[in-house]
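From first to last, the protein sequence lines stand for chains A and U. For the first sequence, my numbering begins at 1 and goes up steadily by one. For the second sequence, my numbering begins at 1 and goes up steadily by one.
What the hints contain is simulated information worked out from the structure, not anything from laboratory work. Since the structure is predicted, the reported quantities are computational estimates derived from the model, not experimental observations. Among the clues, some could well be false.
Here are the computed distance ranges between Cβ atoms for each label pair [claimed, not checked]: (1) A:Leu17 x U:Thr80: 44 to 50 Å; (2) U:Ala93 x A:Trp62: 14 to 20 Å; (3) A:Arg85 x U:Gln175: 32 to 38 Å; (4) U:Gly157 x A:Arg41: 30 to 36 Å; (5) A:Ala6 x U:Val108: 16 to 22 Å; (6) A:Val53 x U:Ala93: 49 to 55 Å; (7) U:Ala44 x A:Asn111: 56 to 62 Å; (8) A:Ser107 x U:Ala166: 52 to 58 Å; (9) U:Asp197 x A:Arg41: 50 to 56 Å.
Every beta carbon over 12 Å from chain U, so not counted as near; a handful from chain A, in silico [said to hold, decoys possible]: (10) Leu81; (11) Gly138; (12) Ser169.
Some chain U residues well away from chain A (every beta-carbon gap over 12 Å; in silico) [claimed, not checked]: (13) Glu123; (14) Val144; (15) Arg158; (16) Asp169.
In this text, a Cβ means the ideal position worked out from N, Cα and C, and glycines have one as well.
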Amino acid sequence: MAKERATARGNRLGLTLLGLVLLAGGGYALARGLGAFGALRAMERIAGPREIVFFARSPWIWWVIAAVALILALLALRWLLVQARRDAPTGLRLAEGPGGVTEVESSGVANALESDVTEHPAVLRARAAVTGTGAEPGVRLRMVADEEAPVDELRHHLGARAIPRMRESLEVEHLPAEVRLRLEPHRRKTRTLR
Amino acid sequence: MTAIGAGGQGAAAHPPARTVRRARRAAMRRFRPRRIVPATIAAAVLLAVSLLVLIEVVSGLVGRPARIIPYDAMLRWAATTRWNEAAVLTGAAIVALVGLLLLLLGLVPGRPSHVPLRTEDPELIMGMQRRSFARALERAAETVPGVTRARARMRGGRVLITASSAMHDPGGLEQSVREAVYGKLRSLAPAVEPPVDVKVRRK
């Protein structure tokens, strides 16, 4: 979850900075064309003699432009790649205890949480995934419940029982959990007996 | 199930107020949009433009201009065009507007996809889908005798309930609807309890 929030922060920073640059550039051109810096400057050519002489006399300017373009290209590439960054479900969790290393299949832990939650008659479906790293796992749960579901009961069950139980089986002290709840119109829950 | 319900929110020992506040802030932030779509577009455009400039400048510096961009024509245009021409002004206005749009996308937090629920545990973040939340409030309003239909809208941290009634004088309904909706809100316990406005319409 931490990675996705980092992407969100980065996106807002990037959009703000880019927006500022475009607003400043466009605003300057607009102001100059409308005569905010005097009627004379509004009537000048965009690439006038002064600009042409400047570029002709300072060949180093191209190196500066190239360097800036390179830095921007690298930043943009990273910004683009970071969008696909997810707090992907981890496959396996290794817990180092006094008795050695314990291996816990995280999908098994996730399944256990799913069936734990769906035991409540009001919960129709649940999908859980263990996220983060082996040392700092998190859990993400999507729940679909009946419209009449007692939300406070579900919440209490999660906070007081289901999540602590999962914390135990993963052998961690902290287990950040993110739960997304959706309600569906009232329908009789059918149960398949196995 | 009674064992689960009994503890509820009341009897259990309450965590310190600071923890509750921290939990609420984390939940509020979690469901904010990440701005993936505008950021992807902006990053792709920035990458394309800076790569083009890089290729043109470097190839020009080593003496073999790539000429992907027709910059001779562009320079000719810039050398003959004045700042106050309509094309320049239009272009500048478009660039400034795009900049303003990006600035807003960056600065405005955006509407959360889920309504954060109060959990009093910073490690447990729980959100309820917006539509589900509104629907639950509608159902609560519809339990009031005399109300045939209710619509809930959430805007600016407020909830507006529009209830329809077939009664001739639905004046007294407003209070009952308000009570029913507040009752439902108490059991849903959103991280921030929104004020409820009720309108009753005769159908």
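Self-check item: Numbers of the earlier hints that this structure fails to satisfy, in rising order
Solution: When the structure is compared with the hints, numbers 1, 2, 3, 4, 6, 7, 10, 11 and 13 turn out to be violated.
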